[in-house]
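From just these sequences and the hints, can you work out the full model?
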Amino acid sequence: MTKSTRRLIGVLVFVAAAAFWLWAANALWKTSVPDDLKLPHVDMSSLLGASELHRAQHFSLILDLFGLLGLLLPLVVLALYAKWGHRLMSESAAGPIGTGMLLAMLGLALVWLATLPGNIGALWWLRRYGIEKVGYAEMVFGSWQALGFEFLSICLMILIVMGFARIMGNYWWLAGAPVFVGISLLFTFIQPYGAGLKPIEGHARLVQAEKRLAKTENVGNVPIKVENVSSQTTAPNAEAMGLGPSRRIALFDTILDGRFSEPELEFVVAHELAHHKHHDLWKGLGWFALFSFPIAYLIALATRRRGGMATPLAVPLFLFLWVALPIVTLPLDNAFSRRLEAEADWEALQVTHDPNGGKQLFLNFVRTVDENPNPPFWDPILFGSHPTEAQRIGMIEAWQQRNGG
Amino acid sequence: MNDHPVTLHVYDDLRRSRLTLFFRPLLCFPHFFWLYLWSIAVSFVLIPSYLVAFIVGRPAYSFQRFFCAYLRYITTVLAYLLIVANPFPGFLGERGKYPVELELPAEAEKQHRLSILLRIPLAIPAYMVAVIGIYAAVYPAALFAWVVALIMGRMPRGFRDLGANALRYLGQFLAYLFLVTGTYPCASPYVGISLGSAVVTDLKVEA
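Chains as they are written, first to last, in the numbering used here: chain W, 1 to 405; chain Y, 1 to 207.
The hints are simulated quantities; they were obtained by calculation from the structure and are not laboratory data. Honestly, I wouldn't trust all of these hints.
[Said to hold, decoys possible] No farther apart than 25 Å at their CA atoms in a straight line, the calculated lysine to any residue pairs in the SDA-like style are these:
no., chain 1, residue 1, chain 2, residue 2
1, Y, K97, W, L156
2, W, K133, W, P263
3, Y, K97, W, K359
4, Y, K97, W, A235
5, Y, K97, W, L159
6, W, K83, Y, L26
7, W, K225, W, H279
8, Y, K97, W, E91
9, Y, K97, W, A93
10, W, K225, W, P263
11, Y, K97, W, I167
12, W, K359, W, A235
13, W, K83, Y, L19
14, Y, K97, W, S90
15, Y, K97, W, H86
16, W, K83, Y, F22
17, W, K38, W, T311
18, Y, K97, W, H279
19, W, K133, W, A24
20, W, K38, W, N364
21, W, K283, W, A24
[What the hints assert, rightly or not] Per label pair, the in silico range of CB-to-CB distance:
no., chain 1, residue 1, chain 2, residue 2, range
22, W, L75, Y, R18, 17 to 27 Å
23, W, L65, Y, G96, 49 to 59 Å
24, W, L186, Y, L118, 45 to 55 Å
[Claimed, not checked] Where chain Y lies over chain W, by a calculated footprint (3+ residues, C-beta under 8 Å):
no., segment
25, 101-111
26, 150-164
These figures come from a predicted structure and were not determined experimentally. Yeah, the Cβ is synthetic: ideal placement off N, Cα and C, and Gly gets one too.
Now the structure itself:
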């Protein structure tokens, strides 16, 4: 085969892969929210009051600044580590893969140190507003166990990447990316079993409502469970978890503490059921898979100059890119997530026919966690996995207009 | 007498990296996980190994090799955890790769069948010495040494030698339990240890 033929085949494969990527991304991007839906402007100060709105804006801005610090400082540290980290190879008596594991763990350790200022600052701010209850020492040292498991995970990742690189050379990403997707699938499946979920008690009406809504949304049996977090935080939340037989709806015990009315809780349950109805966890995995391949390919390309991923020399650069590239795609990931959340809100409105319950729920969210309902434009780009509360209330009003409410 | 078929060799230079030292217990996580998996395999192999040794009068060579690799590995992991050595250890328990290494009998020893039959009850006193006599002191000492080494960037020699002796005794105890040797563990700090580092040569090793 001549060089030009090989090049032609390469171009054709790339074009076919890019076309498939775009088709798949477009398929995942589509939702059941009407395309022509126009969200009306919502005057949040008239709903909340000027002082409450100001408090939420002030709170969110400072929290975002700590978030930015927590995002940028680790990146700077990892960039420096990518340049100098290989010097720590002398601290290892293990083979190439063992040394790669050590370098990856030390990189993560430095990231952990770099996130501490942002995390401590955010904790101070959240404690000031009575949202977090965790102490500073508990936050710093309590996270060591989680860090240990992160070390274990990164070692597994290095074992996979370096193992494939030693067999397949610079094509390790072709095998590595599907393995990472498979691991994510496994963790999504088993997450409900390891989350310490408890049966729901004392909310018989809500359980009945969940059964009725599940029937309406045609999602089958999805048990409703409680996650006890009230010793750590006052923030209310709920989550759709699991795949197939492990599907659950997890309600934080903080949302069941009496601050939210039954119609509001029913709206929450309908929203989470909608995630299961539209297979949003599967879609999230698909989205992750779509980005895993190009990210792994780019990493393989960039680490060639360090001798490829078969050598521990490339591990610090690998770590930097593994953290930095997903940050580059973060705006797109957040936009995707916001679309799924908006669809779940829409579905909740369709099945509950209770716009007032939904509206009160979102206002209550602002009141309980002081989240800015109208954040500055960059906030949703970097941190917005959900539509803003103003957008969510706007959707409810748009639904009311369509349905003659 | 310095003779014991299980001898610990230490070539460590007392220098310690503050970065790896600070995160030392966490850096051991993948080793703990691997050790856990390896220990499960050991527990499965142990009974067949005892049976073969009782019938033949000596352990099978394959079992001997398997246990030797496991013992070398556990020694390097504990040496790293207890700050007896500085470099991050490998995962395979290979020979000649780590500054703290357990030398074990290359060939399976012929052992008395009664001693094989009664090996577990015979090992109980050595186990008591290992747990109560040594490790109750070594772990708190290692914690103190961790703080000192973090400040100084080097390991105090006395603490290093204390840790090395604990590892030596543990290695001898496990080798006895796993039938790698028929020689009982020796509690004397001068038996079965070779401290080759120039920094620690003033620790008297009686011949």
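Hints, one by one, checked against the model:
no., hint, in the structure
1, Y:K97 to W:L156, "holds (22 Å)"
2, W:K133 to W:P263, "violated (28 Å)"
3, Y:K97 to W:K359, "violated (66 Å)"
4, Y:K97 to W:A235, "violated (52 Å)"
5, Y:K97 to W:L159, "holds (20 Å)"
6, W:K83 to Y:L26, "holds (24 Å)"
7, W:K225 to W:H279, "holds (19 Å)"
8, Y:K97 to W:E91, "holds (13 Å)"
9, Y:K97 to W:A93, "holds (6 Å)"
10, W:K225 to W:P263, "holds (18 Å)"
11, Y:K97 to W:I167, "holds (24 Å)"
12, W:K359 to W:A235, "holds (18 Å)"
13, W:K83 to Y:L19, "holds (17 Å)"
14, Y:K97 to W:S90, "holds (13 Å)"
15, Y:K97 to W:H86, "holds (20 Å)"
16, W:K83 to Y:F22, "holds (22 Å)"
17, W:K38 to W:T311, "violated (54 Å)"
18, Y:K97 to W:H279, "violated (51 Å)"
19, W:K133 to W:A24, "violated (43 Å)"
20, W:K38 to W:N364, "holds (24 Å)"
21, W:K283 to W:A24, "holds (10 Å)"
22, W:L75 to Y:R18: 17 to 27 Å, "holds (24 Å)"
23, W:L65 to Y:G96: 49 to 59 Å, "holds (53 Å)"
24, W:L186 to Y:L118: 45 to 55 Å, "holds (46 Å)"
25, 101-111, "holds (count 5)"
26, 150-164, "holds (count 3)"
In summary, the numbered hints that this structure violates are 2, 3, 4, 17, 18 and 19.
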